[in-house]
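Asker: Based on the provided sequences and hints, a complete structural model is requested.
Line by line, the protein sequences give chains A and B. First residue of the first sequence: 1, per the numbering used here; consecutive thereafter. First residue of the second sequence: 1, per the numbering used here; consecutive thereafter.
In case anyone wonders, no lab produced these hints; they're calculated from the structure. Among the hints, erroneous ones may be present.
What the hints assert, rightly or not - BS3-like, lysine-lysine: derived pairs with alpha carbons at most 30 Å apart:
| # | chain 1 | residue 1 | chain 2 | residue 2 |
| --- | --- | --- | --- | --- |
| 1 | B | K354 | B | K344 |
| 2 | B | K314 | A | K175 |
| 3 | A | K178 | B | K472 |
| 4 | A | K5 | B | K236 |
Note that the structure is a prediction, hence the values are computed from the model and not measured.
Residue strings, one per chain:
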Amino acid sequence: MKAAKKIFETALAEGRTFILENEAKDIMKGYGIGVPAYDTAKSADEAVTKARKIGYPVVLKILSKDILHKSDAGGVKVNLKDDSEVRKAFQEIMESARKYGSEKGIQVDLSRGVLISDFADQGTEVIIGVTRDPQFGHALMFGLGGIFVEVLKDVTFRLIPMTESDAREMVGEIKAAKILDGVRGQPPRDVDALVNVIMSISKMVKENPEIIELDCNPTFVYDKGKGALVVDARILIEGTKPKESSAH
Amino acid sequence: MTVSLGVETEGIDFFFNAKGVAVYGASATPNSVGQAILQNFIKPQYTGRVYAVNPKYTTVLGVPCYPSLKEIPNPVDMVIVAVPARLTPRVFEDIGSKGVKAAIVISGGFSETGPAGAAIEDEMVATAKKYGIRIIGPNCVGVIDTQTHVDSFFLPEYRCGRPKSSAVANISLVSQSGAFAAAISDWTSQLGIGISKIISLGNKCDVDDDDLLYYLGDDPSTQVICYYTEGYDREKGRTFFDTARTVTARKPVLVVKSGKGRRARAAASSHTGAIAGSDQIADAAYRQAGVIRADNFEHMFDMAKALAMQPPAKGDRVLMVTNGGGLGVMTIDALEALGLSVPKPSPELENRFKSRLPAYCAWHNPVDVVGDTDASRYDAVFDEALKSDEYDAFVVGMLLQTPSLGMDVTNVISNYQRQSGKPFVVVSMGGAFTTKAGEIMELMGTPTYATGEKAAVAAGALVEYGKIRYGKEFKQTSETEKR
Numbered sequence: 001m002k003a004a005k006k007i008f009e010t011a012l013a014e015g016r017t018f019i020l021e022n023e024a025k026d027i028m029k030g031y032g033i034g035v036p037a038y039d040t041a042k043s044a045d046e047a048v049t050k051a052r053k054i055g056y057p058v059v060l061k062i063l064s065k066d067i068l069h070k071s072d073a074g075g076v077k078v079n080l081k082d083d084s085e086v087r088k089a090f091q092e093i094m095e096s097a098r099k100y101g102s103e104k105g106i107q108v109d110l111s112r113g114v115l116i117s118d119f120a121d122q123g124t125e126v127i128i129g130v131t132r133d134p135q136f137g138h139a140l141m142f143g144l145g146g147i148f149v150e151v152l153k154d155v156t157f158r159l160i161p162m163t164e165s166d167a168r169e170m171v172g173e174i175k176a177a178k179i180l181d182g183v184r185g186q187p188p189r190d191v192d193a194l195v196n197v198i199m200s201i202s203k204m205v206k207e208n209p210e211i212i213e214l215d216c217n218p219t220f221v222y223d224k225g226k227g228a229l230v231v232d233a234r235i236l237i238e239g240t241k242p243k244e245s246s247a248h
Numbered sequence: 001m002t003v004s005l006g007v008e009t010e011g012i013d014f015f016f017n018a019k020g021v022a023v024y025g026a027s028a029t030p031n032s033v034g035q036a037i038l039q040n041f042i043k044p045q046y047t048g049r050v051y052a053v054n055p056k057y058t059t060v061l062g063v064p065c066y067p068s069l070k071e072i073p074n075p076v077d078m079v080i081v082a083v084p085a086r087l088t089p090r091v092f093e094d095i096g097s098k099g100v101k102a103a104i105v106i107s108g109g110f111s112e113t114g115p116a117g118a119a120i121e122d123e124m125v126a127t128a129k130k131y132g133i134r135i136i137g138p139n140c141v142g143v144i145d146t147q148t149h150v151d152s153f154f155l156p157e158y159r160c161g162r163p164k165s166s167a168v169a170n171i172s173l174v175s176q177s178g179a180f181a182a183a184i185s186d187w188t189s190q191l192g193i194g195i196s197k198i199i200s201l202g203n204k205c206d207v208d209d210d211d212l213l214y215y216l217g218d219d220p221s222t223q224v225i226c227y228y229t230e231g232y233d234r235e236k237g238r239t240f241f242d243t244a245r246t247v248t249a250r251k252p253v254l255v256v257k258s259g260k261g262r263r264a265r266a267a268a269s270s271h272t273g274a275i276a277g278s279d280q281i282a283d284a285a286y287r288q289a290g291v292i293r294a295d296n297f298e299h300m301f302d303m304a305k306a307l308a309m310q311p312p313a314k315g316d317r318v319l320m321v322t323n324g325g326g327l328g329v330m331t332i333d334a335l336e337a338l339g340l341s342v343p344k345p346s347p348e349l350e351n352r353f354k355s356r357l358p359a360y361c362a363w364h365n366p367v368d369v370v371g372d373t374d375a376s377r378y379d380a381v382f383d384e385a386l387k388s389d390e391y392d393a394f395v396v397g398m399l400l401q402t403p404s405l406g407m408d409v410t411n412v413i414s415n416y417q418r419q420s421g422k423p424f425v426v427v428s429m430g431g432a433f434t435t436k437a438g439e440i441m442e443l444m445g446t447p448t449y450a451t452g453e454k455a456a457v458a459a460g461a462l463v464e465y466g467k468i469r470y471g472k473e474f475k476q477t478s479e480t481e482k483r
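Answerer: Okay, here's the thing in structure tokens:
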């Protein structure tokens with residue numbers, strides 16, 4: 001996809017190897033992956049206008065070439081229900097970002113403002129990720145989110161590119177697979193939509209091998225027939241110079 | 001031939017079928033590497049010609065010895081190099097001038113020792129490329145071919161047994177480790193497992209895992225391909241994966257990979273990068289490519305023997321037939337733990353069993369034909385079970401300590417196996433008599449194991465490979481059906 005290449009070029013020109021969230025979501029949309037409605041805003045007024053257009057409640061997230069881990073910089077505010085909450089959140093995010101910068105001794109670039117996104121309804125949380133292994137190359141990881149991935153490490157891998165039956169096997173072979181069938185009276189989840197997201201990520205990485213790491217975390221999977229949404233997307237690409245290490 | 005994958009099989013045949021072999025660095029010193037290798041080629045089973053190369057001697061162990069290859073009056077197909085690393089660039093000029101296309105470099109002192117050794121290795125490889133010489137090694141024990149008796153292992157046979165080929169089916173092993181290659185040669189010679197080739201690759205300066213995988217995939221004397229690896233060089237995991245995908249549908253490939261420890265990437269910036277360990281990715285790659293991973297060598301050879309001798313299963317339903325109840329229960333436990341399906345016979349089949357077996361037999365799964373049986377009850381169970389088509393694979397307990405069971409049971413088992421085309425594995429548990437009986441069973445083509453657990457691992461591999469071979473045609477029992 002040409003748009004993706006352009007985004008990667010811009011990032012590298014700015015000296016960053018991570019892709020801003022709005023850019024990541026542009027790329028995802030280009031591959032037919034569902035994401036919550038989003039837009040960007042450079043001022044509090046613009047944020048309010050955009051928020052109204054998307055519809056409340058919304059989420060605000062910092063967009064800066066200097067901030068990879070947005071929460072660490074106080075750059076994420078969720079479940080904002082009206083204009084005044086958005087206005088307040090915008091100011092707070094900018095202040096925290098400045099403070100984060102001065103603590104680190106850097107001038108944080110704030111010119112891009114924030115991402116405004118629809119505060120998506122809670123679905124079954126899953127993680128879809130990509131890593132590039134030195135021996136095997138690109139591999140895709142799938143697992144249920146939250147404690148399943150954090151504590152139980154209940155995840156499964158396939159090399160990219162993969163077939164649809166690989167994707168279906170992955171979804172079926174994690175230990176907690178039954179949760180997607182619907183347990184305790186819940187209807188079954190939209191596994192077809194989930195498989196589509198996995199296949200689209202596989203295609204995206206196949207076509208853009210400069211991606212070295214990718215997280216769709218969380219991705220929400222809804223009731224059968226209601227789809228799936230990548231709520232937070234992170235993409236890291238290969239730098240032209242040796243990659244600087246960054247901690248969580 | 002050059003395959004699109006970047007696999008290069010040109011010249012590999014010479015390593016196994018060399019009719020004229022020269023040992024560069026042949027030595028008159030007892031217990032030296034240069035003597036031990038030469039010794040392998042003066043055994044009567046090797047029917048090709050052998051020459052020694054060493055300016056110090058005119059003959060070694062009665063073999064004519066020349067100062068260089070040029071003086072050898074006849075053609076040479078392969079050279080085994082056992083000289084110090086620093087001499088190898090010159091030796092390869094000699095090899096090239098003679099027009100030899102294959103060389104096994106046994107010597108160490110190359111890239112495994114650091115930059116100076118790596119420079120010598122590069123020089124050697126450049127010379128080899130210039131002349132189109134394929135290299136196995138350096139820093140390896142080389143190859144054993146049990147049919148042509150090409151044998152570059154410098155381990156004397158009285159210390160390290162050599163396996164034999166079997167008339168039924170044969171396994172080939174590629175090992176990153178020379179020590180393991182030798183130990184497996186010795187071990188399989190004791191076990192009597194049929195082996196076609198053992199290859200130790202050492203530094204892999206030219207011939208690598210992928211070349212051999214492709215070559216062995218087309219080798220008619222290899223029925224199952226086994227690998228031992230400690231990991232892959234940069235991007236070589238991916239090329240192995242790509243090559244394996246072209247082989248596993250026609251021939252089973254098994255791997256033992258060490259280094260299972262989880263090593264999260266220190267520099268990972270994403271969640272996925274922090275969780276993913278290389279071994280998990282290797283595990284996924286094997287599964288995706290249809291490579292069966294074994295936990296250890298014992299499991300690998302239990303599996304390989306079954307896969308070499310039996311057809312893969314077309315479904316996962318296994319019937320255990322036994323003349324000992326305890327063995328039946330233990331084996332069923334092991335089968336279930338491996339995720340195989342062990343369904344009870346349908347009421348119709350149960351009635352058929354009842355009509356043909358004494359009332360004190362048990363006809364669930366396991367079917368217990370009990371301790372006073374002779375071969376006829378096995379006959380009846382196989383007959384009915386195969387007619388019913390309720391099972392895809394059979395594990396047969398054959399406890400020959402009982403006086404009533406004759407050796408004719410081996411005939412019954414192998415006849416039903418052959419007629420049905422379904423896989424059978426046998427458990428013959430006990431001492432000297434039963435071990436001999438197991439050997440006879442294997443001569444008749446049915447793999448036999450000393451415990452139910454080992455037989456279950458073997459049955460598991462036949463089912464696993466069935467999934468790989470038959471894909472969507474394979475009949476998988478769903479979790480709900482298993483209950």
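Asker: Does each hint fit the structure? Answer for all of them.
Answerer: Tested hints:
1. About 14 Å separates the Cα atoms of B/K354 and B/K344, which keeps this hinted pair within 30 Å; it holds.
2. This hinted pair checks out: B/K314 and A/K175 have alpha carbons roughly 26 Å apart, not beyond 30 Å.
3. Restraint check: the Cα-Cα separation between A/K178 and B/K472 comes to about 23 Å, which is no more than 30 Å; the hinted pair holds.
4. As the CA atoms of A/K5 and B/K236 are separated by approximately 27 Å, the hinted pair is consistent with the 30 Å bound.
When each numbered hint is compared with the structure, no violation occurs for any of them.
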